[in-house]
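Residue numbers (this note's numbering), protein chains in the order written: chain A, 1 to 453; chain B, 1 to 312; chain C, 1 to 290.
Calculated directly from the structure, the hints in this document are not laboratory data.
Every residue, glycine too, gets a C-beta built ideally from N, C-alpha and C.
The reader is advised that the hints may include incorrect statements.
As the list claims (entries may be wrong) - Part of the chain C face toward chain A, derived, beta carbon under 8 Å:
| hint | residue |
| --- | --- |
| 1 | 120 |
| 2 | 122 |
| 3 | 189 |
| 4 | 190 |
| 5 | 221 |
| 6 | 223 |
| 7 | 227 |
| 8 | 270 |
| 9 | 271 |
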Amino acid sequence: MKKALALLLAVFMIVGMFAGCGSSEAPETTAAPQETEAATPVETEPVVEESTEGKVFNIYAWNEEFKGFFEKYYTVPEGITVNWIINPNADGVYQDKLDEALLNQESAAADDKVDLFLAEADYILKYTDSEFTQDVEALGVTDFSNTYEYTVQAASDSNGVVKGVSFQCCPSALIYRRSIAKDVLGTDDPAEVQAQLDSWDKFNAVAEQAGAKGYLMTASEAATYRVFSNNVTSPWVDEAGNLQIDANIQAWMGQAKEFSEKGYTKNCDIWSDDCTVEMFADGKAMCYFGPAWYFNFSMGNAQDAEKGCYGDWAICQGPQAHFWGGTWLLAATGSDNPTMIADIMNTFINDEDVCSKLVENEAQFSNNQAVNAKYAEDPAFGNEFLGGQNDVALFVELAKNIKFENQTIYDQLLNEGLQSNWREYCQGTVTEEEAMSNFYKYINEKYPSITTP
Amino acid sequence: MKRLADPRKRKGISYAKWGYLFIAPFFIVYGLFTLVPQVMTIYNSFFENYREGLKQVGPNFVGLDNYIKLFTPDKNGNIDILKYAWNTLVLWVGGAVPQILVALLLAVFFTSYRLNIKGQQFFKTVIYMPNLIMASAFSMLFFTLFSNSGPVNQLLTQMGWIDQPIEFFAQKITVRGLICLMNFLLWFGNTTILLMAGIMGIDQNLFEAANIDGASSLQVFFKVTLPLLMPILVYTVITAMIGGIQMFDVPQVLTNGAGTPNRTSTTLVMYLNNYLKTSKNYGMSGAISVVIFIITGLLSMVVYRSLTRKDD
Amino acid sequence: MKKSNSADSRVAKARLTAARALVYAFLIFLTVLCLFSFYMLFINATRSNADLQGGFRLFPSDYFFKNLYNAWTDASINIPRGMLNSFIIAASSALLSTYFSALTAYGIHAYHFRLKKLAFSFIMAVMVIPQQVSATGFYQLCVKFGLTNSYIPLIVPSIASPVVFFYMKQYMESVLPMEIVEAARVDGSNEFSTFNKIILPMLKPAMAVQMIFAFVASWNNYFMPALLLDKAEMKTVPIMIAQLRAADYSKFDMGKVYMFILLAILPVVIVYICLSKYIIKGVTAGSVKG
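Construct the complete structure from the given sequences, taking the supplied hints into account.
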């Protein structure tokens with residue numbers, strides 16, 4: 001008894017010490033940088049001779065992808081420390097932290113200010129269309145002759161001011177099973193298949209033929225969603241704040257319901273096992289949609305040694321051009337390192353050497369048309385997974401037709417919300433009216449300012 | 001000063017300052033770290049206060065508007081928050097009742113001299129282990145298990161019980177059932193340990209005396225164990241209730257935040273989270289939490305009173 | 001009703017055997033239910049990312065050591081460091097929350113003072129406020145006080161844990177006779193040392209239980225640490241797991257994620273087994289005897 005008691009006490013003593021140390025030590029360490037800043041304003045007053053710019057460069061990101069490229073291919077000017085602030089995007093932590101930092105940007109010490117941050121297409125507008133990002137053309141990023149049009153559109157605000165650049169381009173293709181295409185369409189040649197699938201009418205007609213032979217046109221009813229939503233002619237929300245459902249979105253809703261009812265597709269999320277299980281050799285799905293990273297890294301079942309169907313795939317443009325994914329670099333307002341921001345951006349879009357290395361060493365489709373063309377023309381180049389087809393050649397063509405128009409800051413969640421609520425209608429668990437009513441409720445919860453019917 | 005141990009005289013030798021001293025750290029830390037955000041929650045419920053993108057709207061004082069909005073029926077005459085309260089209740093009862101019953105049973109088994117269970121340490125560890133997995137990882141596993149092409153459906157098809165896969169995530173009853181099952185698995189070990197610690201704290205002489213008097217196991221349980229365990233049981237019920245009303249992560253992750261089908265597995269806190277996550281709508285989420293706070297508070301009070309009414 | 005003693009005891013024995021069999025069957029059933037998810041976790045940790053996309057598998061694959069190697073050598077995460085960080089935070093908050101909750105509960109249980117009822121009601125009331133809402137306010141508060149990238153906001157607030165307090169209070173009501181306190185006062189013991197030397201040991205099972213719970217809760221806590229910590233060397237295990245899951249497509253590896261989840265459970269199991277030893281019988285009796 002005594003022993004145990006002594007042990008317990010000892011433990012608490014240690015805790016006490018711990019707590020003591022913790023509370024006396026940690027505040028000092030955290031407060032220290034700010035205090036020194038306030039006391040010796042080296043950064044704010046331009047007393048330094050060679051450069052008036054900050055000595056610390058802060059980059060916000062949600063994973064290490066760009067950090068890897070940056071460290072390999074960008075030479076940091078002497079005397080500058082690059083500080084990576086990496087927060088996972090799970091549960092919205094990345095955006096929460098970034099927003100907090102941007103909102104406090106003005107009062108932050110020079111070395112704590114955000115200089116550069118990364119954003120995805122899904123929510124990029126939230127940042128570009130705000131005062132928290134700055135015009136990069138004014139900083140010296142002016143040559144967009146080699147970048148793809150849509151990557152510039154995506155990084156521009158509603159007045160066309162460019163706020164950043166992307167170091168990659170993610171054109172997305174229609175990925176089809178060669179053997180199924182042969183059975184249904186009588187050919188697996190990409191050009192001939194494309195001719196039979198180059199509009200939605202043709203696509204829907206082929207779905208019927210595939211269905212008649214016992215195949216699925218797509219594994220998930222949401223597979224085609226991105227193709228439709230990338231090509232809308234009106235934004236989700238009009239100027240008065242009213243929700244509007246674009247004709248293209250309505251077309252998808254009709255297609256999804258029809259495909260579900262007729263059994264041309266399964267009702268499942270594109271990332272679910274139910275969807276990917278159809279990639280096995282005994283799978284029934286004819287079409288998937290996705291960019292290079294999708295078929296190279298996310299179609300694991302197709303690449304399975306025993307049950308897969310490696311090489312039984314090919315890509316074509318499909319009914320409409322679209323993209324999926326990609327990361328943009330945005331310049332934060334209030335940065336004390338404008339020259340370096342411009343330098344980084346120029347490196348990753350205009351430095352041919354760097355862009356070539358991205359393609360060669362990093363399996364990226366770069367945001368430099370000249371560099372990509374170099375690889376597209378290489379006759380020896382081919383992707384074994386696609387039966388030897390030169391995917392880069394197709395993507396080079398495809399990327400030119402992509403648009404990034406009629407986007408709003410609400411897109412990501414509205415797209416997700418429509419898909420999940422509409423799926424319930426496709427499954428038949430709710431009526432159309434209930435599905436829409438749930439979708440409107442979802443919008444009211446997420447965005448109080450949008451007026452729903 | 002500290003002379004006699006007469007309980008009635010205790011007040012005379014005021015030990016009150018020790019009381020204040022002992023509870024001081026709690027209240028100081030609470031005040032510093034938690035009170036402000038919590039008071040802000042209630043305060044915010046009377047304001048329009050949200051973000052749109054990076055733009056802050058409000059705070060503008062709107063009185064009871066947020067509450068009125070919460071309780072305004074939609075076009076079909078349904079009041080959403082009541083629906084979610086009902087969902088929460090169903091999910092809670094489905095998970096918590098078996099959880100407490102099974103835990104009570106196990107706690108008695110483990111502490112019974114007569115049964116003298118072998119391998120206790122093993123069982124006690126195993127039943128607690130689900131609680132160690134992160135809820136998100138646990139849900140990921142359940143997702144794979146019960147998907148349309150998953151092993152459960154495969155097994156049922158192979159045994160010839162079904163020809164079409166059961167769509168576990170598209171039906172009210174199966175989604176709710178899975179949520180209850182997961183909550184049960186996650187928490188019953190936890191409750192067992194709590195109750196076990198409670199039973200073990202009871203003076204062993206009482207059990208021995210009861211045994212000598214020839215009491216049966218059932219008699220011992222109802223006459224000795226249960227009354228003495230009551231305070232801990234009250235704790236278990238109240239915390240299970242709070243946990244139930246605040247149920248969030250399991251249905252959130254399992255239904256990808258959508259509360260499918262037709263929002264029948266949307267709980268009150270998921271509803272709150274919907275308002276909070278993107279738009280940082282402190283007004284509406286504040287109002288919802290005040291409602292949750294009032295419901296939980298009332299229920300806890302009723303339970304606490306009814307289970308402890310005999311003393312004071 | 002006339003039976004010999006031996007027949008009586010034989011019946012009793014048979015009954016006991018039957019009861020035992022039933023109890024074991026029940027326990028084994030629950031064990032299977034509980035272990036199944038772990039088994040799956042283990043199986044998934046032995047599979048490659050590509051294989052994992054194919055759904056369920058009942059038997060282990062041969063990727064275990066590859067996943068272990070990949071997880072261990074991943075440049076963006078430092079597993080031992082993450083575990084150490086998580087351990088420091090979880091252990092400190094577990095100790096603080098149990099000790100101070102017991103102290104607070106004892107303060108309210110053993111003494112009479114004017115604000116006693118109010119204090120108790122207050123704690124009970126705040127216990128039922130959903131945490132989701134105050135989380136963001138708490139984060140903003142920490143930003144204002146410059147407490148980001150510090151363990152203080154993750155450890156110190158556990159001193160005020162209403163739920164743990166409530167358990168301690170209830171536990172004292174069920175097992176702590178005031179006579180012991182009185183006896184200590186007769187011995188001339190100072191109130192504070194009475195608490196430390198006499199009361200705390202009697203609360204051992206309760207302390208152990210709540211320490212386990214607090215440790216696990218803190219160990220698995222993602223949201224608040226993720227908001228507060230962004231220095232690589234300060235990150236905790238759940239943040240690292242989330243970061244692995246946010247990896248870009250070409251480096252995305254669920255096998256690695258499952259492996260890390262599996263690794264992250266091991267320390268908690270060890271802590272659990274160590275602490276559950278303290279949930280033992282007869283503490284009260286032993287303590288009264290001295």
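Consistency of the hints with the structure:
no. : hint : verdict
1   : 120  : violated, 24 Å
2   : 122  : violated, 24 Å
3   : 189  : violated, 14 Å
4   : 190  : violated, 15 Å
5   : 221  : violated, 12 Å
6   : 223  : holds, 6 Å
7   : 227  : holds, 6 Å
8   : 270  : violated, 16 Å
9   : 271  : violated, 13 Å
Violated hints for the displayed structure, listed by number in ascending order: 1, 2, 3, 4, 5, 8, 9.
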